[in-house]
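Take a look at the letters that make up each chain.
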Amino acid sequence: MENSEKTELVLLACGSFNPITNMHLRLFELAKDYMNGTVIKGIISPVGDAYKKKGLISAHHRVFMAQLATKNSEWVEVDTWESLQKEWVETAKVLRHHQEKLEASSCGNEQGSPVLERPGRKRKWAEQRQDFSQKKSLEPKTKGVPKVKLLCGADLLESFGVPNLWKSEDITQIVRDYGLICITRAGNDAQKFIYESDVLWKYQNNIHLVNEWITNDISSTKIRQALRRGQSIRYLVPDLVQEYIEKHDLYTSESEERNVGVILAPLQRNMAEANS
Amino acid sequence: MKSRIPVVLLACGSFNPITNMHLRLFEVARDHLHQTGMYQVIAGIISPVNDKYGKKDLVAARHRVAMARLALQTSDWIRVDPWESEQVQWLETVKVLRHHHRELLRSLPQKEGLDRGKAHPAAPTAVPELKLLCGADVLKTFQTPNLWKDAHIQEIVEKFGLVCVGRAGHDAERYILGLPILQKYQHNIHLAREPVQNEISATYIRRALSQGQSVKYLLPDAVIAYIKDHNLYTKDSSWKDNNT
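Chains as they are written, first to last, in this note's numbering: chain Y, 32 to 307; chain V, 78 to 321.
Source of the hints: derived by calculation from the structure; they are not laboratory data. Ideal Cβ positions, reconstructed from N, Cα and C, are used throughout, including at glycine.
Below 25 Å or equal to it, Euclidean Cα-Cα: the simulated DSS-like pairs (lysine-lysine) are:
| # | chain 1 | residue 1 | chain 2 | residue 2 |
| --- | --- | --- | --- | --- |
| 1 | Y | K132 | Y | K117 |
| 2 | V | K261 | V | K226 |
| 3 | Y | K85 | Y | K117 |
| 4 | Y | K102 | V | K293 |
| 5 | Y | K102 | V | K305 |
| 6 | Y | K132 | Y | K37 |
| 7 | V | K172 | V | K226 |
| 8 | Y | K253 | V | K293 |
Label pairs and their computed distance ranges (CB to CB):
| # | chain 1 | residue 1 | chain 2 | residue 2 | range |
| --- | --- | --- | --- | --- | --- |
| 9 | Y | K223 | V | D248 | 26 to 34 Å |
| 10 | Y | S89 | V | R179 | 46 to 54 Å |
| 11 | V | R175 | Y | S89 | 50 to 58 Å |
So here's chain Y without its partners, still in its complex pose:
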């Protein structure tokens, strides 16, 4: 493979986004800079309500806030597929869903521009052939179907170690078939974690650790806490998100009590399967 034919990448971030913050948005920017011109799109995929995390407010709010937050982004967008599923969906499945989507619509598409204008639309074979020959006359900057990579912080990486949170075959699939771009402050901890895991170590070339030099620890948990205490969250989240939260009074002591006593969906599912 020539160096000039680099695979295009799509960054997928899964999470609660409860709410989305400037830090989440920074992850995308840092990863894009690091991957040096190969990233064509970013996808925010908020988790479904069936995840049952404590304090998780309704998906439609979380999706809407993420959309407000990415209004001014040329390349990061929100995808609602995961949040619309009735049952909680494993991250590996979300990755697979997006990769398949790219494969279905990607044949013949050109470099640089966002791939999906009509998601899922199957193109006629003749069209694909024609596009392909058109593509040859343009600069061969990129080649093939864009690849989806999981974008995350070090906390997600390290959550691989939490018992029953992830299926081990899912972890393998994620690092082997997709790959991880992990934004981390303390690079050493993440590296150590990779070193101490057989499967992560085996696929370490597929795990990119990107250093975040700015301490920018805007956790959603802290945001929710600040809101409960009547403290300002301005400049920690996009203005539109802050206004939306204020308008709908989204995060209260009450909302923080949601799902208390309920077992997190992945734990529920993995423990049930282990016992069956």
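Once you have looked at the hints, place chain V on chain Y.
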């Protein structure tokens, strides 16, 4: 209702460029003062330093003022004041405080003019206090030999007061203990804790920009657009019209 002392927060600095962290200082400080029950923050002022300050890589004041203005477009209580940057020479912080305090007194309603029918919760019979807003790092610089005049430090903490936004808060406490003059007036030094670790250094921003890296979500979009339009902080030095 117990009446609170009205406060105006003044932040001095390079603002080269202004970042979300600078803006956070104001929000955190205001929350902190309100929480004490003693104060009502009525305004915030950003005062970018004069070009003659001579700091390395300092972009022209007109740009720094313009960027701050853009950043504050959506704030209903903080504004930028170019007075300091428009003086013919660099001014010590205490002089900037004195100026703004005079302006504050001058802007108070005269007694005859008061509308007796209105209710102003923060309506001073109390005179507003002007406080210097800063990060813990500035508190530390009080210890640097020859950087501040002793008399000025005293005036700042005695006559005006400090609101210092830090992270853990421990550092700031240590700095206060390290300087007798600060210890003496520690009742006039408010330590506000920023719950979210958010150290967006402008130095980093400048470096990222010169390397063509994204700074989105670290500064307001309008400021980023301004920087691009005016070609500031690029690798070539054409924007440094004031250096050395």
